[in-house]
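Trainee: If you're matching them up, the sequences are chains A and B in order. Per the numbering used here: the first sequence = residues 1 to 114. Per the numbering used here: the second sequence = residues 115 to 225.
No wet-lab data here; the hints were simulated from the structure. The beta-carbon is built from N, C-alpha and C at its ideal position, and this holds for glycine as well. Certain hints may be false.
Claimed, not checked - Taking beta-carbon pairs under 8 Å as the criterion, some of the chain B residues facing chain A (in silico):
| id | residue |
| --- | --- |
| 1 | 145 |
| 2 | 157 |
| 3 | 169 |
| 4 | 215 |
| 5 | 216 |
Claimed, not checked - Listed below are the simulated SDA-like cross-link pairs for lysine to any residue, each with C-alpha atoms no more than 25 Å apart in a straight line:
| id | chain 1 | residue 1 | chain 2 | residue 2 |
| --- | --- | --- | --- | --- |
| 6 | A | 40 | B | 162 |
| 7 | A | 41 | A | 12 |
| 8 | B | 181 | B | 196 |
| 9 | B | 181 | B | 194 |
| 10 | B | 212 | A | 69 |
| 11 | A | 22 | B | 152 |
| 12 | A | 22 | A | 58 |
| 13 | A | 22 | A | 96 |
| 14 | B | 182 | A | 101 |
| 15 | A | 40 | B | 155 |
| 16 | B | 181 | B | 152 |
| 17 | A | 41 | B | 123 |
| 18 | A | 41 | B | 212 |
| 19 | B | 212 | A | 101 |
| 20 | A | 18 | A | 95 |
| 21 | A | 41 | A | 69 |
| 22 | B | 150 | A | 95 |
| 23 | B | 212 | B | 121 |
| 24 | B | 150 | A | 17 |
| 25 | B | 181 | B | 142 |
| 26 | A | 41 | B | 122 |
| 27 | A | 40 | B | 220 |
| 28 | A | 9 | B | 121 |
| 29 | A | 18 | A | 96 |
| 30 | A | 22 | A | 82 |
| 31 | B | 170 | B | 135 |
| 32 | B | 212 | B | 131 |
| 33 | A | 53 | B | 207 |
| 34 | A | 9 | B | 199 |
What the hints assert, rightly or not - Over the 10 Å line for every Cβ pair with chain A, so calculated as not near, a few chain B residues:
| id | residue |
| --- | --- |
| 35 | 121 |
| 36 | 125 |
| 37 | 127 |
| 38 | 137 |
| 39 | 140 |
| 40 | 192 |
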Amino acid sequence: DTEVTQTPKHLVMGMTNKKSLKCEQHMGHRAMYWYKQKAKKPPELMFVYSYEKLSINESVPSRFSPECPNSSLLNLHLHALQPEDSALYLCASSQGWTGGSLVDFGPGTRLLVL
Amino acid sequence: GEDVEQSLFLSVREGDSSVINCTYTDSSSTYLYWYKQEPGAGLQLLTYIFSNMDMKQDQRLTVLLNKKDKHLSLRIADTQTGDSAIYFCAESGAAGNKLTFGGGTRVLVKP
Chain A
1 DTEVTQTPKH LVMGMTNKKS LKCEQHMGHR AMYWYKQKAK KPPELMFVYS
51 YEKLSINESV PSRFSPECPN SSLLNLHLHA LQPEDSALYL CASSQGWTGG
101 SLVDFGPGTR LLVL
Chain B
115 GEDVEQSLFL SVREGDSSVI NCTYTDSSST YLYWYKQEPG AGLQLLTYIF
165 SNMDMKQDQR LTVLLNKKDK HLSLRIADTQ TGDSAIYFCA ESGAAGNKLT
215 FGGGTRVLVK P
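All chains should be modelled from the sequences, with the hints used to inform the complete structure.
Mentor: Put into structure tokens, the structure is as follows:
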């Protein structure tokens, strides 16, 4: 079983709602990631946090707002989403960002925007 | 930019070996991964190989890496119905752990 946990497992929200996805790891990893995966497609990187600082934002719309409150937690705040944002959102972590280290994925949150 | 390619589909009989192939373009890749994704689930790291290795065996799984041709393969011995899933290969480069994924190979195991 993965040591990266994500809540909730499933989320249905309207376009005017505000919700948050949560991710947690206790492996001492200092890099954490958000990926988005549409049906029948590979995951695509959204954000990278390294040592609790945002390192990479892959031109993600501002209706997605990441937050890293501490080294174990990563949140993704959602506001005014569109139906095309419906996807599986995967959190991942690794020991570090540079130098090459294994990336572990969480089970994902399946999001449906109505 | 980096590119990773896989064939779309593989059908195999239960008990036979499966071989899933992947090609990549980034010559500075440090890790090459194989992930398994079952329907409705997240990504499960199956195995990985360092770019300075050419083979890795882990129980029923054998990874072969031909760095000259930038070709990676995953062999699953004695394939079982529980092996039916989508398999993604991915690579990360020396600059950082941004994973570039292939499009995924859907493996169907027939009894």
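Trainee: Please check whether residue 157 (chain B) passes as an interface residue: C-beta within 8 Å of a C-beta belonging to chain A.
Mentor: Check passed: Cβ of residue 157 (chain B) comes within 4 Å of chain A, closer than 8 Å.
Trainee: Can you confirm whether the C-alpha distance between residue 18 (chain A) and residue 96 (chain A) stays at or below 25 Å?
Mentor: violated, 31 Å
Trainee: Beyond 10 Å from chain A, beta-carbon-wise, is residue 140 (chain B)?
Mentor: holds, 13 Å
Trainee: So if I understand the rule, the pair passes when the alpha-carbon distance is 25 Å or less; does residue 41 (chain A) with residue 12 (chain A) pass?
Mentor: Satisfied, since the Cα-Cα distance of roughly 21 Å is no more than 25 Å.
Trainee: Between residue 53 (chain A) and residue 207 (chain B), does the CA-CA distance stay at or below 25 Å?
Mentor: holds, 21 Å
Trainee: Do the alpha carbons of residue 41 (chain A) and residue 69 (chain A) lie within 25 Å of each other, as the hint requires?
Mentor: Roughly 30 Å between the alpha carbons, so the hint for residue 41 (chain A) and residue 69 (chain A) is violated.
Trainee: Report holds if the minimum CB distance from residue 192 (chain B) to chain A is greater than 10 Å, and violated otherwise.
Mentor: About 24 Å separates residue 192 (chain B) from the closest Cβ of chain A, which puts it past 10 Å; holds.
Trainee: Need the status of pair residue 181 (chain B), residue 194 (chain B): alpha-carbon distance at most 25 Å?
Mentor: violated, 29 Å
Trainee: Against chain A, run the beta carbon of residue 145 (chain B) and see if the smallest gap drops under 8 Å.
Mentor: holds, 5 Å
Trainee: Do the alpha carbons of residue 170 (chain B) and residue 135 (chain B) lie within 25 Å of each other, as the hint requires?
Mentor: At roughly 15 Å apart (the allowed maximum being 25 Å), residue 135 (chain B) and residue 170 (chain B) satisfy the hint.
Trainee: Given residue 215 (chain B) was flagged as interface, is its beta-carbon under 8 Å from a beta-carbon of chain A?
Mentor: Where the cut-off is 8 Å and the nearest Cβ of chain A is about 4 Å from residue 215 (chain B), the hint holds.
Trainee: Under the criterion that the straight-line Cα-Cα distance not exceed 25 Å, is the pair residue 22 (chain A), residue 96 (chain A) satisfied?
Mentor: holds, 20 Å
In the structure shown, a violation is registered for the earlier hints numbered 3, 8, 9, 16, 20, 21, 24, 28, 29, 32, in ascending order.
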